[in-house]
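Asks: The lines below spell out each chain.
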Amino acid sequence: MPDPILSIRDLAVEFRTDDGIVHAVDGITYDVLPGETLGIVGESGSGKSVSTMALLGLIPQPPGRIVSGTAMFKGKDLLKLKKRELRQFRGEEVAMVFQDPMTSLNPVLKIGFQLGEAIKTHHPKESDEKVKERVIELLRLVGVPNPDQRYSQYPHEFSGGMRQRAMIAMSIANSPSLLIADEPTTALDVTIQAQVLEVLKTVQAETHAATILITHDLGIVAELCERVLVMYGGRIVESGDVHTIFSAPRHPYTIGLMDSLPKLTEDEEWLRPIPGAPPSLINRPTGCAFHPRCFLSQGRLKCREETPVLRKAEGTGHEAACHFSDELIGHQSKFSQPVTA
Amino acid sequence: MTEPTQVERLAGTVAPYEQNIDTGVVLAPAGLLDSTVEAGLELKIRSQWSYARQRFLRHRLAMIGLIGLIIIFGVGAFANFVAPYAFDQIDLTNVRHAPTLKAHHFFGTDEIGRDYLSRVIYGIRTSEQVGLFVALVSTLFGLVLGAVAGYYGGWIDNLLMRLTDLVLTLPALAILLTAAALIEASHSGFAHTINRFGDQWTITFILTGFFWTGIARIVRGVFLSLREKEYVEAAKASGAGDLRIIFRHVLPNTLGPVVVNATLAVAAAIITEAFLSFLGFGIKPPTASLGSLTAEGQQFPQAWWLTVMPGLVLVTIVLCVNFVGDGLRDALDPQQRRIRA
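Sequence order for the protein chains is A and B. For the first sequence, the positions run 363 to 703 when this note's numbering is used. For the second sequence, the positions run 8 to 348 when this note's numbering is used.
Chain A extracted, bound-state conformation (with noise of 0.2 Å):
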């Protein structure tokens, strides 16, 4: 296996409110492969973002607060990184594309000096006639067409999927080799997203950038990700290869997840969702946080009393955190059956 990009141990983040401190994140471990693609999904709230904006420092603080953990990326660990330079970082070596399009360009400024400034800030000796070219190369490897023209108009002149468009293409500006995209389709239309995804497939192609996908959609998933990572209540969950995590899931969540999503193949009247609601991160249930919902725990004693750790499941590098994983041995999952037309 080759030497993770990013390798993060232990990372936990709490925000103090007046209501009481909330577990945003609480110890999570993982790698970063250099150009792979790594899935996180979960519920809102179950700190999917919080645990990679913290690696930005895009954490408020306060409230926000890094408990633990250590971030290595290219031997520095970017969690005790000043600001200076974290920000040298930022832009340059780890990207970020953000859930909204709508709002994550600045309306007053061009798209062509938006993009030639991601660029500038990082080089500010390049001369103005190389970034344009360099900007307008970017809009068309993204797919926005005239780029030319494209170039000197507003946001708002933009539909929704161009604005995506151009966030990823400031995004690979500078060429990073970790690329976050925090929901990068949550905002747009379902034939929008469709192309955007292309666009990240095309991207990654062609920069070799390990991504980090944070998503709550289990077909985005399954479509770009090769690695999963299933987080419930600020804790890792389950991980493992796309494969072993659609076919043979080992947690009752992801097989929850699972579950909810509906079908193309099969006539289902009713839709399937987890009972209860996620839990809340100021008194988080004791013992595993999902028991309260699970189908599997029905009351037993050692799910109310001891937190699960992370352990091997069958499969490569698959882990998943449940006491009695072993009891899905042989759990048919929805999606272990390829889908026949």
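Hints are computed from structural coordinates only; laboratory data are not their basis. Watch out, some of these pointers could steer you wrong.
[Said to hold, decoys possible] Simulated pairs of lysine to any residue, SDA-like, Cα-Cα distance not exceeding 25 Å:
#1 B/291 with A/436
#2 A/472 with B/59
#3 B/236 with A/544
#4 A/444 with B/59
#5 B/236 with A/426
#6 B/236 with A/487
#7 A/482 with B/234
#8 A/472 with B/339
#9 A/487 with B/250
#10 A/472 with B/61
#11 A/445 with B/165
#12 A/444 with B/251
#13 A/472 with B/252
#14 B/236 with A/513
#15 A/445 with B/314
#16 A/472 with B/314
#17 A/472 with B/162
#18 B/236 with A/578
#19 A/442 with B/251
#20 A/494 with B/252
#21 B/236 with A/455
#22 A/482 with B/237
#23 B/236 with A/436
#24 A/444 with B/339
#25 A/444 with B/64
#26 A/444 with B/160
#27 A/472 with B/248
#28 A/444 with B/314
#29 A/472 with B/291
#30 B/291 with A/516
#31 A/436 with B/248
#32 B/291 with A/426
#33 B/109 with B/314
#34 A/492 with B/255
#35 B/236 with A/380
#36 A/487 with B/252
[Claimed, not checked] Derived list of chain A stretches under chain B, where covered just means 3 residues or more per stretch with a C-beta under 8 Å from a C-beta of chain B:
#37 468-477
#38 523-534
Where a beta carbon is used, it is the ideal one built from N, C-alpha and C, also for glycine.
Use these hints to put chain B onto chain A, whose structure you have.
Replies: Chain B alone, transformed into the frame defined by chain A:
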């Protein structure tokens, strides 16, 4: 044979659309673009500013105000070319002459026979200097202070805003009167230096010291809401520093209210100066300002033109400035779609 219609002409020149296989983007063939340009059908790209300009140009009152201001301020700026007499040229044979068309005494003469039109024109120049300088300097100062307070927040914000509150709570009139008297009487130090430039600068500095608070509060308020915007976060994530974010990304978004406020500050400064001069604490004879002229005139109730003429000019200037300010507010507010006449 009949001329082909526009549609037929276009259709004839169109090459098939190309679809980029990687990105799924449909690119219009070059021929189509050329022919749309030829037929005058291409979309004109218009910036926010061009919309604002158009809205402003259609605002009737604002245009009247602008033209009035250009004329009045132009006359003031070129006073030495426009005025028929020097502002201190005495003619004791022609004392307190009523307005007449003879000998260019359109506004009459004062108690020692100086041409009153010339004095009013020089008065406009003084008031104009005071108004523009106060508005410009206090806006710049307030802008920087408000931006820093709003962007950084926390104790910096607290410190700067309490300072602003302090200046706001000072009884302006009492301070203005005391300061004017003190500066005038001083024979050394900073106050003395200002005083040597002439008393319109004394009053200008005092007014600037009071006028920045409004802008500072407005800018701070806008910064407080804009710094949470995603494009600020995106700029941070691509490695931009605080200064760049403040001045490049956030400040342009505050320009609308700032420009409006600066315009209105011109009128407010002119009025305050006139008011202080009227009370005898601003500009002293022989220098003329609209306020001091009005004050001089009130000693001679029979010579009505001595108060009415400078008073009318003052009212006209302030009205024009306020019309322009209104027009700018309507033009620069992007929420505003309806054009008021």
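Asks: The structure should be examined with respect to each hint, and the outcome stated for every one.
Replies: To see whether the hints hold, each was checked on the structure:
1. B/291 with A/436: violated (71 Å)
2. A/472 with B/59: holds (16 Å)
3. B/236 with A/544: With a Cα-Cα distance of about 16 Å, the restraint between residue 236 of chain B and residue 544 of chain A holds, given a limit of 25 Å.
4. A/444 with B/59: Distance ~43 Å between residue 444 of chain A and residue 59 of chain B Cα, so the pair is violated.
5. B/236 with A/426: With Cα atoms ~18 Å apart, residue 236 of chain B and residue 426 of chain A stay inside 25 Å; holds.
6. B/236 with A/487: It is violated: about 29 Å lies between the C-alpha atoms, which goes past 25 Å.
7. A/482 with B/234: holds (22 Å)
8. A/472 with B/339: Distance ~18 Å between residue 472 of chain A and residue 339 of chain B Cα, so the pair holds.
9. A/487 with B/250: Status holds; Cα separation ~19 Å.
10. A/472 with B/61: Holds - the C-alpha atoms of residue 61 of chain B and residue 472 of chain A are around 20 Å apart, at most 25 Å.
11. A/445 with B/165: Measuring from Cα to Cα gives roughly 23 Å; hence the hint holds.
12. A/444 with B/251: holds (18 Å)
13. A/472 with B/252: The given pair, whose Cα atoms are some 15 Å apart, holds under the 25 Å limit.
14. B/236 with A/513: Given pair residue 236 of chain B, residue 513 of chain A holds - Cα atoms ~23 Å apart, limit 25 Å.
15. A/445 with B/314: Not satisfied, since the Cα-Cα distance of roughly 63 Å exceeds 25 Å.
16. A/472 with B/314: Distance ~53 Å between residue 472 of chain A and residue 314 of chain B Cα, so the pair is violated.
17. A/472 with B/162: violated (34 Å)
18. B/236 with A/578: holds (23 Å)
19. A/442 with B/251: Holds, because 24 Å separates the two Cα atoms, which is no more than 25 Å.
20. A/494 with B/252: Satisfied, since the Cα-Cα distance of roughly 21 Å is no more than 25 Å.
21. B/236 with A/455: holds (23 Å)
22. A/482 with B/237: holds (20 Å)
23. B/236 with A/436: violated (30 Å)
24. A/444 with B/339: Violated, at roughly 40 Å.
25. A/444 with B/64: Cα-Cα ~50 Å, so violated.
26. A/444 with B/160: holds (20 Å)
27. A/472 with B/248: Cα-Cα ~19 Å, so holds.
28. A/444 with B/314: violated (66 Å)
29. A/472 with B/291: Violated: residue 472 of chain A and residue 291 of chain B sit about 51 Å apart, past 25 Å.
30. B/291 with A/516: violated (52 Å)
31. A/436 with B/248: The given pair, whose Cα atoms are some 22 Å apart, holds under the 25 Å limit.
32. B/291 with A/426: violated (60 Å)
33. B/109 with B/314: The given pair, whose Cα atoms are some 21 Å apart, holds under the 25 Å limit.
34. A/492 with B/255: holds (21 Å)
35. B/236 with A/380: The given pair, whose Cα atoms are some 23 Å apart, holds under the 25 Å limit.
36. A/487 with B/252: holds (19 Å)
37. 468-477: Three-residue rule met by the segment 468-477 of chain A, so holds; n is 4.
38. 523-534: It holds: at least three residues are needed, and the segment 523-534 of chain A offers 3 whose Cβ sits within less than 8 Å of chain B.
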